[in-house]
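Colleague: Bring the two chains, given one by one in their own frames, into a single complex with the hints.
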Amino acid sequence: MAKRLFVSIHEGWLRLLFASFSAQDRAWGETLYDYAEILYRHLRFVEDMFVKRGIEYSWERPGIRLRFATEGEAARFCDEALARIEAQLSDDGDPLAKRILHDLGFIRNELAGAFERETKIGAFDRSMTVDGVSFSQEALAALMLFLFEESYKEYELIVIYSYAQTRVEDKRLHEIFQILIDESKFHLKSFARIMAKMGILSVPRMVTSEIYRFDSLKKFLEEGIEEEKGAKEQCRALAEAVGDENFQRFFNFINYQEDYHITLMEEALERIQ
Amino acid sequence: MSTMDQNELYDLTLEHMMHPRNYGKLEEADATGIGKNPENGEMVIVYLKVDGDKIVDIAFQAKACMTTIVAGSIFTDTVKGAQMEEAKELTRIMLSKLDNVPPEEAACTELVAEAFYAALEHLTAKADDPDAVVPTRMITQRCDPEAMGKQIFDNTREG
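Top line first, the protein sequences correspond to chains P and F.
Quick note on the numbering used here: the first sequence kicks off at 1 and runs consecutively.
Quick note on the numbering used here: the second sequence kicks off at 1001 and runs consecutively.
The following block holds chain F by itself, in its conformation from the complex (with noise of 0.2 Å):
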């Protein structure tokens, strides 16, 4: 990664801890997921919005550390306004690249993208049932919260 990159990346992540995206409830979400950590009981809950295949609005809430808080507000950032098969495909990409991060990291990662993938269930199952139940869909990464603040600036700013 260039110097460049390292800054923006480290600008970036200060912005969101800053001013996290999206932090809160959406009245009247066409759908709402809850990922969940089962080893800690941390957890994101994701609402949505959608006209047609489009993602109109998003927000999400958080039981959960300052990593989750950030990866939450970057992806919801991410989705907003985009189109539901580009927000999977997103979503699919991020989750595939959790191998190459710490498992700290992947875990807050993780918690968010399977909040995501409930809320999308939801949607499905509120087509047959208005009343479906909201889905909570666990997440398989580990979480060191130890190991985890030493992770989140590690793309510390380069002078």
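Excised from the complex, chain P in its bound form (with noise of 0.2 Å):
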């Protein structure tokens, strides 16, 4: 039950998120979001609370195909997910429960609300553009394979850094976390719009607990290190291979704040050891 809670709850946080990024009215996307990251929260105060009482949960979950052609179907898609939550709860009096109950009440209403948008959703219509630039074929390979792979890595790293933020007692190792997850989310977020808008969005495969789950924190922070050079040399490479000036720019303010990752991450190597 415990289980299938959290995993229910994992998919409708990236059902609402990913619906968020495939939004065509802006302001709407940016509510679905706001929503979406409600449902994070829920994810981690119900973690939180299952790894103290040491109930057994999992990150991972079935994979996620995005069914909708109008906003009007992705509000439906989400609330699916959202009454598939609700079941799962009741309110006998549990803080927690009736917080998630109560959120879930009001967010199903304002997608109820929406059922009837007819905009059409551009985010699978694979026109490989943006915003009306087009790419040589080269830089459209570089560009596309990068996405798809980043998209993943940093939904990768929010499962990560969240089961390892739950798990950790320094005050100083959580804040660190705290701020990884931040920016991998901000990355997420530019990655997938990108992706929406070259028609190409789609949800990264789940992380299984062999990725995830770590034996020695000092190793996962220290191949987290190379990962992080790693990430910031594709974007070097990206930028190169992008043509377009904004583009570039982009790519190059991507890799600065990975810069500053890999700083953040050697501090919390340096105070484990």
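Please note that a few of the clues may not be correct.
Stated by the list, open to error - EDC-like mimics (lysine to aspartate or glutamate), calculated; alpha carbons at most 16 Å apart, straight line:
1. F:K1063 to P:E227
2. F:K1063 to P:E60
3. P:K229 to P:E258
Stated by the list, open to error - Stretches of chain F that chain P covers, calculated by requiring three or more beta carbons in the stretch to come under 8 Å of a beta carbon on chain P:
4. 1091–1100
5. 1118–1128
Honestly, the hints are just simulated from the structure, not real lab data.
Remember, it's a predicted structure, so these values are computed and weren't measured experimentally.
Glycine residues also receive a C-beta, built at the ideal position from the N, C-alpha and C atoms.
Modeller: What follows is the structure, encoded as structure tokens:
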């Protein structure tokens, strides 16, 4: 039961999150993003409670295929997942269950108000252009590969840092993981928005327990630093490959953020050594 | 290769990148196998469920690049529901063609094939010992991640 609830909230979070990236009406997209953030917090509240009570749960989940053509259908797609969470909770006095049920009630009501939205979603049309900018074949190939690799990587980092954060007691380590989670959320949003504009938006594959569970925090951080260096290099190479100046500026902007991630992870490594 | 074939290949690759098939684990798999790249630690795990000689279900998970995910997705999609001998033959043909593809791409395909072979070994071993250890097979092709990015979409759509 506990495991299923965690998976359902995880799925609800991702459905809202990717529906938010896909929305043509950006104000509505940002509203959905805020709701997705609330679902993410539910996930973390529940995770924290499970860890404290020694209840088994998993960040693994089934694949999610985005099946909607209009903003109204996207709202229904999200609502289905929230209804599944609701069905697993009862208002029996538990403050967390009560909080989640109230949040779901409000969000589902807002989603119901959007069921008739007819605005077409272009996030899966494979237009391969971004804001009117098209790319050379070589640049397009590099960009697509980068976006698929990195959107998965950022999602993977959110999962890994979340799992790790729930288990560390050191205050500064906790803060560092929170910064890295927030940064990965921003990167995921940035990459997914480009994918939506290109018409290739999809939910990353799941992160398996073999990847997010670590036996040694030290080893995890050492490997993480190397991965950040790799991401930095990929960003630099992509900025070079993509001819458009705005894109180059954007990828350089991301690249410099990776620098600071490395600094934070090195600090985390020092603290545990 | 004709223009049509190239476009179809491009669409197929993109489809598997967006929606990898059979990714994850199989609860109560009959056999499991691991393919590993000793150079960079990338790995693929294949899970099999069989009924007699038929592969009734197959899944894979990977700690690897997107090329490997696409290879695993296409491979598992193809052999799911196949007879064991057909799947073995397909794997043999797939591996025999690796000489003609860039080494980076070959390494990813081999990773999936070796994981599948390891799962078959596990299946055989489990017939004698239900607690047989999950085997790991190493690949022989070299993987250069920088060059790999250039290869996966070499079959870029023609207009």
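Colleague: Return the numbers of the hints above that this structure violates; sort them in rising order.
Modeller: 4, 5
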